[in-house]
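Going line by line, the protein sequences match chains V and F. Each residue of the first sequence is one higher than the last, beginning at 2 in our numbering. Each residue of the second sequence is one higher than the last, beginning at 2 in our numbering.
By construction, these hints were calculated from the structure, which means they are not laboratory data.
Any copy, or any two copies together, can satisfy a pair, since identical chains are not distinguished.
Here are the simulated BS3-like cross-link-like pairs (lysine-lysine), alpha carbons at most 27 Å apart as the crow flies:
1) 245 x 272
2) 226 x 110
3) 166 x 12
4) 12 x 24
5) 305 x 272
6) 305 x 226
Letter by letter, the chains look like this.
2 protein chains.
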Amino acid sequence: MNDIQSQFVKKILNGAQTMPKEKGVAFAPSNIALCKYWGKRDAALNLPVNSSLSISLGDLGTRTEIRCIDVEQASLPAQGQAGMPAPQGIPDMVYLNGELQPVNSSFAKRISSFLDLFRPMFGNAHFEVRTENTIPTAAGLASSASGFAALVMALDDLAGWGLDKKRRSMLARLGSGSAARSIFDGFVQWNAGTNPAGTDSFAEKIDNEWPEFRIGILELSSAPKPVGSRDGMNRTVATSELYKSWPQQAAADLETIRATIDARDFALLGKTAERNALAMHATMLAAWPPLIYLQPETIEQIHKVQRVRAEGLEVYLTIDAGPNIKLLFLEENEAAVTTAFPGLQTIKPFG
Amino acid sequence: MNDIQSQFVKKILNGAQTMPKEKGVAFAPSNIALCKYWGKRDAALNLPVNSSLSISLGDLGTRTEIRCIDVEQASLPAQGQAGMPAPQGIPDMVYLNGELQPVNSSFAKRISSFLDLFRPMFGNAHFEVRTENTIPTAAGLASSASGFAALVMALDDLAGWGLDKKRRSMLARLGSGSAARSIFDGFVQWNAGTNPAGTDSFAEKIDNEWPEFRIGILELSSAPKPVGSRDGMNRTVATSELYKSWPQQAAADLETIRATIDARDFALLGKTAERNALAMHATMLAAWPPLIYLQPETIEQIHKVQRVRAEGLEVYLTIDAGPNIKLLFLEENEAAVTTAFPGLQTIKPFG
Numbered sequence: 002m003n004d005i006q007s008q009f010v011k012k013i014l015n016g017a018q019t020m021p022k023e024k025g026v027a028f029a030p031s032n033i034a035l036c037k038y039w040g041k042r043d044a045a046l047n048l049p050v051n052s053s054l055s056i057s058l059g060d061l062g063t064r065t066e067i068r069c070i071d072v073e074q075a076s077l078p079a080q081g082q083a084g085m086p087a088p089q090g091i092p093d094m095v096y097l098n099g100e101l102q103p104v105n106s107s108f109a110k111r112i113s114s115f116l117d118l119f120r121p122m123f124g125n126a127h128f129e130v131r132t133e134n135t136i137p138t139a140a141g142l143a144s145s146a147s148g149f150a151a152l153v154m155a156l157d158d159l160a161g162w163g164l165d166k167k168r169r170s171m172l173a174r175l176g177s178g179s180a181a182r183s184i185f186d187g188f189v190q191w192n193a194g195t196n197p198a199g200t201d202s203f204a205e206k207i208d209n210e211w212p213e214f215r216i217g218i219l220e221l222s223s224a225p226k227p228v229g230s231r232d233g234m235n236r237t238v239a240t241s242e243l244y245k246s247w248p249q250q251a252a253a254d255l256e257t258i259r260a261t262i263d264a265r266d267f268a269l270l271g272k273t274a275e276r277n278a279l280a281m282h283a284t285m286l287a288a289w290p291p292l293i294y295l296q297p298e299t300i301e302q303i304h305k306v307q308r309v310r311a312e313g314l315e316v317y318l319t320i321d322a323g324p325n326i327k328l329l330f331l332e333e334n335e336a337a338v339t340t341a342f343p344g345l346q347t348i349k350p351f352g
Numbered sequence: 002m003n004d005i006q007s008q009f010v011k012k013i014l015n016g017a018q019t020m021p022k023e024k025g026v027a028f029a030p031s032n033i034a035l036c037k038y039w040g041k042r043d044a045a046l047n048l049p050v051n052s053s054l055s056i057s058l059g060d061l062g063t064r065t066e067i068r069c070i071d072v073e074q075a076s077l078p079a080q081g082q083a084g085m086p087a088p089q090g091i092p093d094m095v096y097l098n099g100e101l102q103p104v105n106s107s108f109a110k111r112i113s114s115f116l117d118l119f120r121p122m123f124g125n126a127h128f129e130v131r132t133e134n135t136i137p138t139a140a141g142l143a144s145s146a147s148g149f150a151a152l153v154m155a156l157d158d159l160a161g162w163g164l165d166k167k168r169r170s171m172l173a174r175l176g177s178g179s180a181a182r183s184i185f186d187g188f189v190q191w192n193a194g195t196n197p198a199g200t201d202s203f204a205e206k207i208d209n210e211w212p213e214f215r216i217g218i219l220e221l222s223s224a225p226k227p228v229g230s231r232d233g234m235n236r237t238v239a240t241s242e243l244y245k246s247w248p249q250q251a252a253a254d255l256e257t258i259r260a261t262i263d264a265r266d267f268a269l270l271g272k273t274a275e276r277n278a279l280a281m282h283a284t285m286l287a288a289w290p291p292l293i294y295l296q297p298e299t300i301e302q303i304h305k306v307q308r309v310r311a312e313g314l315e316v317y318l319t320i321d322a323g324p325n326i327k328l329l330f331l332e333e334n335e336a337a338v339t340t341a342f343p344g345l346q347t348i349k350p351f352g
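Extracted from the complex, chain V is given alone in its bound form:
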């Protein structure tokens, strides 16, 4: 799998000269999908079954600094060094929110294994990576999307490759599918593509701002997930009969949501995003063993959203592969939604 990824990285970099600076720095926003990415058509290249559409969360995301820490190696000419074994003894130094992560932690291992794909371009150097999440950890927002997007952008800054956003998106995708979308601000569409080589599967910005758009985070549980979303996705695709109808639904939902952004039709956007999220969870409920990220508190709040909406408040929900709920509403209803859902953390995706 790593060979396939390495070759993909080389193809995307396409012989770009690596001229390392002292450090590379980048920020990438977190994102919340309104039409979910659920299911891979290729595991090695993280190619999705369906296109997805998200909204980036402004200044909530990940800021990453990266520098080389094997100076002698890194000062060698970088090209043509691919395949040279990495030097022993000096692992990558991975910091998360200021704390050095143990080499064997799953966080450090995932970063290092992603960096392996780029190491040959830096004379097989090791790296010091300093990652700061500006998302409150308690909010239960996925940080892998913004994390891998920021890491790719920081690598690009460090190396001086000057990659366009399309290439950044495809590289970030290798780290975490939804990271392909975190390269952009605002509304973002990640096209699934059809090419088995993965060169047509990248995100693009939807050039349409909606300043009144609000997202509210309802943190319901910070318990660790029983199953990570990658494994959950694979289990669903492999065992859920109902998943067979998912690609059609996702395609239709994406088209609808895209049109509602142009038309400023919030009710239809909200409805479509909510049913898309619930359909994704439905495909999991029908998997075996059943995959249920929803907790009792989640069900309680889902019922509540239906109830307050029936009473006239225009609020919709979306749920990722976890127990927490994200509410979708407009500025004009912010006060009413905050009253109805105490403890809500409101985000303005357009600043």
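Knowing the structure of chain V, use the given hints to seat chain F on it.
Okay, now just chain F, sitting in the frame of chain V:
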């Protein structure tokens, strides 16, 4: 719709002589589906999209007595009276567990409207119906299945038609789809059939007893359902994209469960019944508006069943269109299951 039903009833009775006795009496068991009935291909005739398979609950069910209360009318020759308007002023008298139900109650109206289909054979008589449920109401078990099955059998007893079980099953089906199965004890299969006239859609007994089979009722909520199962089914078929995969899943599940009964493969039976029930709820979760019979307590107990099973206890669940959970297990695990789930009400379907 009533015309279609009336014609169906006449076709099934096929000119049988009505020779009313003083009263008709019958008992029919409640049943719990291991492969669910979910979706109609014909609303007037209650023809299902998919075949289903259930287990009847022994002596838990409905006992019904019926007699004619318009003596003059009822003593007329019954044949050829179809279409005569029912006499005014004397409504059916419908008792439930000893209490006379108001004429305008939904219970009495549903019974009377079903009796309308049979009234012409009794000289357009009205009826006194006394229905006793031996199912504790609190158990949250559907009583419409046993109720309509018992009512058809009591009518047959009253009239002296001598209908075979296949015909009884088809008539009970008109009152409530799952009533087609409550004509039989033990394991029962209701074949969906393909004939638009509905004459090949009836239940049959699976001639295989499994005395060690246990069902445990976990009553979690007695709150009235927000949506009845008939409306829920229709909403799901009309709006849930994922429902499109349901018929295939149900067909496969039924075949698997049928084979596990012959093979006494309880683990595969339980797994298949559980995933069938969860898939049914998944089709609802993907409907619009979302249809969620599951309550927070339901989710809690679903997680618990997964957990205790992972710890080695062979117990599975099924859930109908409501919040309560039915556990499936064998006699050998009865003590352990009862300990793990306090307040469980255990049923021995084979006595």
